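Student: Generate the whole structure from the sequences, applying the supplied hints.
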Amino acid sequence: MIEFLQANMGTVLALLGAALAVSMAGVGSAKGVGFAGEAAAGVIAEDPGKFGKVMVLQLLPGTQGIYGLIIGFITLSQTGILGGDGAISIAKGLVYLCACLPIAIAGYFSAMSQGRAAAAAIGTVAKKPDQFGKAMIFPIMVETYAILALLVSILAISGAANIAF
Amino acid sequence: MAVLAMKRITICGLRQDRKAVLEEVQRQGVIEVNSVAPDNDVFRRISMPISNSEFDRSIHDSEAALEVLKTYEPEKGGLLSSFKGRALMDVARYEGFKSEMPKIQSVIRKILADSKEIAENNAEILRCRQQIDMLVPWKTLDISLDTSGTEKTAFFIGAVPGEQTLDTLYEALAEVMPVDITIFSKDKSQTCLMVICGTEKKEETSSALRSIGFVYPSVSSSRTPAAQTEQLNQSIAQLKERNAAVEEEIRSLVSYREDIKFYSDYMSIRAEKYNVTNSIPQSDHTFVLEGYIPEKEIPRLEKALQDFEVSIDVSDPLAEEDVPVALSNNAFSSSVQGVVESYSLPGKGEIDPSFLISLFYFIFFGFMLADIGIGALIFLGAGFLLLKNPHMERGLRNNVKLFMFGGISALFFGILFGSCFGDVITSVSTNFFGNPVVLKPLWLDMASNPMIVLSLALVMGIIHIYVGLGAAGYQYIRQKDYMSLIFKVLIWYVLLTGLFIKCLSMQIIMDILAGGSEPPVSAKAGQIGLIVAGVCCIIVIFMSEFRSRSWPKRILKGIYAVYGISGYLSDILSYSRLLALGLATGVISSVANMIGTMFGNGVTGVIIFVLVFLIINAINIGINTLGAYVHTNRLQYVEFFGRFYEGGGRPFEPYSIKTKYFKFKEN
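Protein sequences, first through last, are from chains C and X.
All residue numbers in the first sequence are consecutive under my numbering, ending with 1660.
All residue numbers in the second sequence are consecutive under my numbering, ending with 681.
I should point out that these hints are in silico values taken from the structure, not numbers from a laboratory.
On a predicted model such as this, the values are computed, not experimentally measured, just so you know.
There could be a bad hint or two in this list.
Each pair of labels, with its calculated beta carbon distance range [unchecked claim]:
1. Ser-1518(C) to Arg-265(X): 47 to 57 Å
2. Leu-625(X) to Ser-1518(C): 18 to 28 Å
3. Val-105(X) to Ile-1539(C): 35 to 45 Å
4. Arg-265(X) to Gln-1626(C): 40 to 50 Å
5. Met-612(X) to Ser-1518(C): 38 to 48 Å
6. Ile-157(X) to Ile-1539(C): 50 to 60 Å
Quick reminder that beta carbons are idealized off the backbone N, C-alpha and C, glycines included.
Tutor: Here you go:
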C-alpha cells in the first residue's frame, strides 16, 4: 500500500490540481456567463437589435474557464498524465497542486463577480447603447485579477518543471 | 491627427433665397446649427405651415410599410450584406421626386390597409374557432340552442356544474315532475342537458334548475349546433381565402420596396430642413443662420454659396462656449477613432489621442494573439470584407480596418514567438508523416521563456505610460501651464526613472526576470537613482498641489500624490496580461492538436484531427480575438488615458442629409 502510494501519489496530487483548476474556474465562468445571460436575454426580448453588443458582454466572464483549462492542460502534459510515464515524486505533485490553486480560486470568484458586473453593463447597454465602450470596461476591471492568477499559475508550473525532486 | 478647429459662422441672406441656401448648406453638411440670438421686433423664428409631426408620421408609415413587406417577402441578403453599406442616392431622381410622391404614398397606404385587414381577419378567424369550440358539447343536439319551447312545452337548454347522471338530475327536479331530461355530453366541469316541461310549470322548473346552478350556453344561434359549426367553418375558409388574396396583393407591391425607402429618406431630409428653418431667426426680407463649422470646410462652403446674395461672417468661438468636437485622422490612425469615440471625445484643451493610440494599439493586440495562423485568418477575412464592400459605412470600415491591422500584427508576433495554430506544424508532421518539423521562432518560444516575455510586456507598459505622461505634458504646454508641466509631469519622469534604475541594480529583480544574470546597472548607480527618487518624492509632497494656499492641506494632498507611485506600479503590472493572453491563444490551439493526434494516423485519425482542429480553433479565434480587443481597449482606457485624458467633448452634429437607406455622396 505504502509503496503504491509512494509510486503514484505525486501523479494523483498533480491530477487533483489540474482537476481543481479546470473545474473551479469552469464552474465560476458557467455561473458568471449564466448570470449575464439572464440579463442579456431580458434585453433581447425588448430589442433584438442589441444582440451583438450584449453577447460580447455576456462572454466576458467566460475567459476564466479557459484560463483554468490552460493551466489544467499544461499540468497534465508536464506531469506525463497525457501521453507519458506518469511518475513524479509526491513533493513535485504537491508543487503542481499548489501551482494550480491561484487560477482555481481567483478564477472561481472573479468569474462570478465579473458575471454580476457584466449583467450590470448589459443593463447600461440596454438603456444607452452608445455607452458600450465604457460599459465594457467595468467587467474587464474584474478580469485583471484572474489574469494575474493565471500568470502566477503559469510561472509556477513552468518553474516546477525545472525543480529536481 | 487632430481635433478639428471649429469656427463660429453666421450666414445672412435674402429670404427669397432661403430655401435654396438651406438646401445647399444641408447638402454640404458642415454646419452645426446653433442660433442663440433671442427673438426681437425685427428677427423672429417663423413656424412653417407643415408641422414636424406630419413628417414624422410619413416616415413612421413608410417604416411600417417596409416592415410589412419584410414579413411577407424577406429581403434577400447574405450573411455579409450588413457590411455592404448604403447605395448611392440618384440625385436627379431626388430633384424630381415630388411628382412620384402621390403614387408611393398610395402604395404605402395600400400596404398598411392590407396589413390591417389581415390582422382583423385573423382576429375574426380566432373568434370563429372559439365559437366552434364552445359548440362541441352540443353537436348531437338537433334543434337550435335558442329554442325556448313549443305551444305546450317549455325547453331549457344549458349546462349545470359538475358531472351529473340522469338519476341525480331527476332527484334534484323531483318536486317539479313531470319533466324530461336529455344529457348531451358531460365532463368533470359541466353537464350539458335539455329539460322539457309543460308550459304551466315553466317558472317552477326554471327556479328549480337555477337552484342547482343551471346556466344558458354562452353561444347562441338560430341554427342547430351542427349547422352553425358548418357555417363558422365556412366563414373561416372564406376569411383565409381573403387573407391569401390580400397577402398576394402585398407581395405584388414588393417591387415598390426601394421606392418606399427612397420616400422615407426623402422625408427625413425634408424634416431636417424644416427643423432648421423653424429654428433660425428671420426678418421680413432676410434670414440669419448661425452655427459651428470646422475651419477647413469654410472655403468649400463659400464656394458652394457663391451664387447667392449672402454675407458669410466667421469668428472664433468664445472661451465659455460649448464647442462641438470632430476628429480627423489619416487612414491608419482613423482605424482606432472608433475606440476613442466609444470612450469619449476630447474635452476642452485636450488632444485627439487617436494617433498615439494607433501607435500602441496593434502592438498590444498582436501580442495578445501572437499566432501566425490566426493572425493571417483575421487579416485575410477583414481584407476580403474591405475589398468586397467598397461602399461600407465609415464607422464600420474603421472597425474592420482595425481588425485587419491587428491581424497583421498578430501574424508578426506569431513569427516572433514561433506559433502557428499552437504547434500544428510539429504535431501534424510528427503524427502523420513521422518526421518532426519544428517551426523555429524568430526570437524565442513564449511558453518556455515566460519570464523574458513578461519583462518585455512590462517594458512595453513602461513605454506606454511614459508616452501617456508625455501627452499630459504636451497638453500643459498648450495650455501654457508650465508649473503643472514641471510638478505633475517632469518630476514624475525623474522619480519613476530613478526607481527603475534602482530596480535594475538589484540582484533579486534580475533573479526573477532575467534568470539570475548580472544586474546591468551598478549598485552605486542604483543608490543614486533611489536618492533622486526620494528627493522627487519630497518635491511632490510640497509642490504637486502648488495652487493650494493652505499648507497643511497642500502637504496632505502631496502625500496622497506620492501614493500615486503604487498606481504606476499596478498599472505597469497590468501589462502582464500581454503575456498571459498571448500564451492562452497558443495553448488552446495546442490542446486541439494534442486531442486531434490521439487517434492515430489512419483515415479516421485524419478526419477526427481535422474536425477537432476546426471546432476548437474556431472557438479559439472567437474568444481570443474578443479578449485581445477588449483588453487592448482596457490598456488604452485605464492605463493610458488615466495619465492625460478625460474626454467629455460633445460630438459635432452637422445639419446634413441624414438618411437611412441611401447616401447622397461618398463620405
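Student: At the C-beta level, are Val-105(X) and Ile-1539(C) separated by a distance inside 35 to 45 Å?
Tutor: Since Val-105(X) and Ile-1539(C) have Cβ atoms about 39 Å apart, the given range 35 to 45 Å holds.
Student: Between Ile-157(X) and Ile-1539(C), does the C-beta distance stay in 50 to 60 Å?
Tutor: 55 Å, holds
Student: Can you tell me whether the CB distance of Arg-265(X) to Gln-1626(C) sits inside 40 to 50 Å?
Tutor: For Arg-265(X) and Gln-1626(C) the Cβ distance comes to about 41 Å; the hint holds.
Student: Is 47 to 57 Å a correct range for the gap between the Cβ atoms of Ser-1518(C) and Arg-265(X)?
Tutor: 55 Å, holds
Student: Taking the beta carbons of Leu-625(X) and Ser-1518(C), is their distance inside 18 to 28 Å?
Tutor: With Cβ atoms ~25 Å apart, the hint holds.
Student: May I ask you to test the hint 38 to 48 Å on the CB atoms belonging to Met-612(X) and Ser-1518(C)?
Tutor: Given about 22 Å between the Cβ atoms, the range is violated.
Of the numbered hints stated above, the single one contradicted by the structure is hint 5.
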